[in-house]
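J.: Please model the entire structure based on the sequences and the hints provided.
In case you want the letters, here they are:
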Amino acid sequence: MTEYASSRRVPNVLGSLFFYSVIGITILFILLPILVILLYSFVGSLSGNLIESFTFEYYREVFDGGFDPLILSLQLAIATTILDVVIGVPAAYTLDRYDIPFADRLRDITILPMAIPGIVLGIAIVRTWGVPKFGVDLSGTVLLLLIAHVIFTVPFMIQTTTSALQSIDYQALEETAQNLGASWSQCFVHVLLPNIYNGILSGAILTFALSMGEFNITLFVYNPTDKTLPIEMFGGFTTSAVGQASALSVVFVAIIIVSLWLMQYLGEQDLPKVANV
Amino acid sequence: MSEIHIQNLTKRYGTTEAVDSVSLSIPDGATFGLVGPSGCGKSTLLRMIAGFEQPTAGDVRLDGASILDLSPQERDIGLVFQSIALFNNMNVIDNVSFGPRMRGESVDEYLDRARDILAMLGIADLEDRDPRNLSGGQQQRVALGRALAIEPEILLLDEPMTGLDAKLKRRLQKEMVELFAELDITAIHVTHDQEEAMMMCDQIAVLNDGSPEQVGTPAELYESPSNQFVADFIGTSNLLSATATGDYLDFGYTQVPHTHTEEGEVTVSIRPEHIKSGTGVLQAEITNQFYLGEKVRTYGRLPDDSEIVFDETQSSVHPGDEVALSFDKELAQIHPAEK
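So the protein lines, in turn, are chains C and X. Counting along the first sequence from 1, when you hit position 160 you're at 160 in my numbering, and nothing is skipped either side. Counting along the second sequence from 1, when you hit position 183 you're at 183 in my numbering, and nothing is skipped either side.
No lab work stands behind these hints, which were simulated from the structure alone. Keep in mind that a hint or two might mislead.
[Claimed, not checked] Over 10 Å on every C-beta distance to chain X, these chain C residues come out as not near it, computed from the model:
(1) 114
(2) 201
(3) 220
[To be verified] Have a look at the derived ranges for each label pair, beta carbon to beta carbon:
(4) 120/X with 268/C: 33 to 41 Å
(5) 188/C with 54/X: 16 to 24 Å
(6) 13/X with 168/C: 48 to 56 Å
(7) 258/C with 54/X: 34 to 42 Å
(8) 167/X with 115/C: 49 to 57 Å
(9) 57/X with 143/C: 32 to 40 Å
Because the structure is a prediction, the values reported are computed rather than measured. Ideal placement from N, C-alpha and C gives every residue a C-beta, glycine not left out.
T.: Right under this line is the structure:
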């Protein structure tokens with residue numbers, strides 16, 4: 001009896017230990033680079049006495065140097081997200097709602113930017129929109145950056161919105177609303193949008209984060225006078241201004257975390273009630 | 001007045017005819033049932049009346065005027081879908097007042113009307129609830145209330161009792177019959193449950209493969225089915241093969257005197273309750289028996305290996321026994337045999 005009881009207990013303890021260790025190691029693995037950067041932002045380099053080299057100097061340099069790259073990245077991310085919603089949501093709806101010939105192929109095409117490596121996309125965009133065309137020259141402009149960010153992120157918005165649409169029988173909801181006298185736009189605003197709202201919000205959070213962190217495509221498309229935050233950081237690390245670049249990175253991560261938290265918080269508000277006045 | 005006339009309504013998908021030139025007249029205030037097996041076209045018919053499908057041919061007229069040119073928004077029709085489709089982003093009273101709200105009525109007007117309807121349906125206390133937290137029966141009542149709030153000329157119901165347990169179904173069916181009578185509303189009720197149709201409808205059309213086999217009152221359909229399909233679909237029927245010759249029905253293993261107009265190969269349909277055990281020319285070996293409370297249903301095998309089922313209030317026989325059965329010749333229906 002005693003033997004049976006103890007052999008029942010031991011595997012449970014071992015099991016818990018195993019799972020907690022795996023979780024712990026995974027989290028450490030993910031956090032370690034961030035912790036290292038955090039360290040660098042205060043000490044500049046790992047050679048020499050860490051306690052002595054501790055300083056806020058690099059952060060001061062960041063705040064003195066101006067927030068231009070940060071502001072540009074934020075503006076770009078917000079604009080990209082808004083454009084993604086305006087383009088992506090109707091696209092996802094149209095592809096799912098109507099019996100369009102080759103709808104599946106069209107959907108595959110909208111996924112393409114996700115699959116193509118950023119570098120390839122960057123070169124392609126530069127060659128297409130970055131050269132003078134029809135009397136318009138977009139090379140080196142912020143508009144080109146915006147186009148690049150939208151092309152790269154809109155597939156994600158389309159994906160999340162499509163998932164949200166496919167998880168509900170929105171056709172029955174639409175028909176019911178129409179039967180009750182709602183026009184198509186009333187139907188869209190009062191019935192459809194509130195019910196796929198979560199999908200759109202996830203898409204927005206995702207595209208915001210992707211745009212903020214976007215580097216591969218931006219590298220080909222940017223203009224030295226308009227640098228986004230990742231480009232600025234890249235520059236910092238390659239010119240050995242490691243301390244300053246690290247401080248910039250920490251500020252960057254902090255801003256992303258706050259932005260995502262804010263969006264999630266807004267998402268939990270009773271927005272459907274607002275749309276339903 | 002809300003009379004509906006469906007004239008030669010047809011819906012063709014490619015080469016398949018889902019609805020085949022159906023003509024029906026539904027009087028003002030009647031509850032009209034459309035029954036039939038899955039795929040018989042009843043839901044397609046309903047969707048054409050509601051305006052979600054365009055007919056290939058034919059017309060739907062409400063009080064003398066065609067409604068085919070009207071959009072679903074413009075047709076004065078209330079609809080309760082099989083899926084119920086409540087708006088989960090709104091509470092109950094917002095759901096019920098949705099129609100009047102979209103049509104631009106004032107807040108006081110539409111809220112008052114919604115509250116009246118909720119009270120009439122016995123769910124006034126559910127006003128602020130989230131539809132997702134309601135039971136099946138409650139959701140169904142909210143859907144009905146939502147449809148009635150726009151004060152439609154006609155009510156269309158597409159299998160509204162799907163997913164509800166048997167007792168609840170019976171209660172709701174009775175409530176709806178009483179409600180429709182009180183409101184004097186014209187309703188079309190689509191269902192695959194012929195018992196439900198018999199209970200709720202003044203007239204029923206039995207559909208098969210896109211067209212009606214018979215249209216009549218529940219009594220007419222049950223007691224005088226016009227063909228084998230209706231006899232089989234409505235209630236339970238024994239369908240026995242026989243040859244009708246002169247004054248006899250020849251079952252092969254026995255002959256029964258019978259006056260009839262049919263000749264040749266026929267199907268004799270007999271209701272289980274019209275068969276008595278004890279004496280008679282039909283010899284059967286009992287294969288199974290089920291106690292159903294108000295009756296005992298017994299299955300037997302006839303000499304030609306076909307099955308016979310009969311109902312009695314109490315059973316005198318048991319599986320394995322041989323029993324002699326007779327049937328009420330007046331009430332049996334004779335139809336030409338179908339392939």
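J.: So, for every hint listed, does it hold in this structure?
T.: Results for each hint:
1. 114: Fine: 30 Å to the nearest Cβ keeps residue 114/C off the interface.
2. 201: 14 Å, holds
3. 220: Nearest chain X Cβ is 43 Å from residue 220/C, so the label holds.
4. 120/X with 268/C: 33 to 41 Å: With Cβ atoms ~37 Å apart, the hint holds.
5. 188/C with 54/X: 16 to 24 Å: 22 Å, holds
6. 13/X with 168/C: 48 to 56 Å: Between residue 13/X and residue 168/C, where Cβ atoms are some 26 Å apart, the hint is violated.
7. 258/C with 54/X: 34 to 42 Å: 53 Å, violated
8. 167/X with 115/C: 49 to 57 Å: 55 Å, holds
9. 57/X with 143/C: 32 to 40 Å: 55 Å, violated
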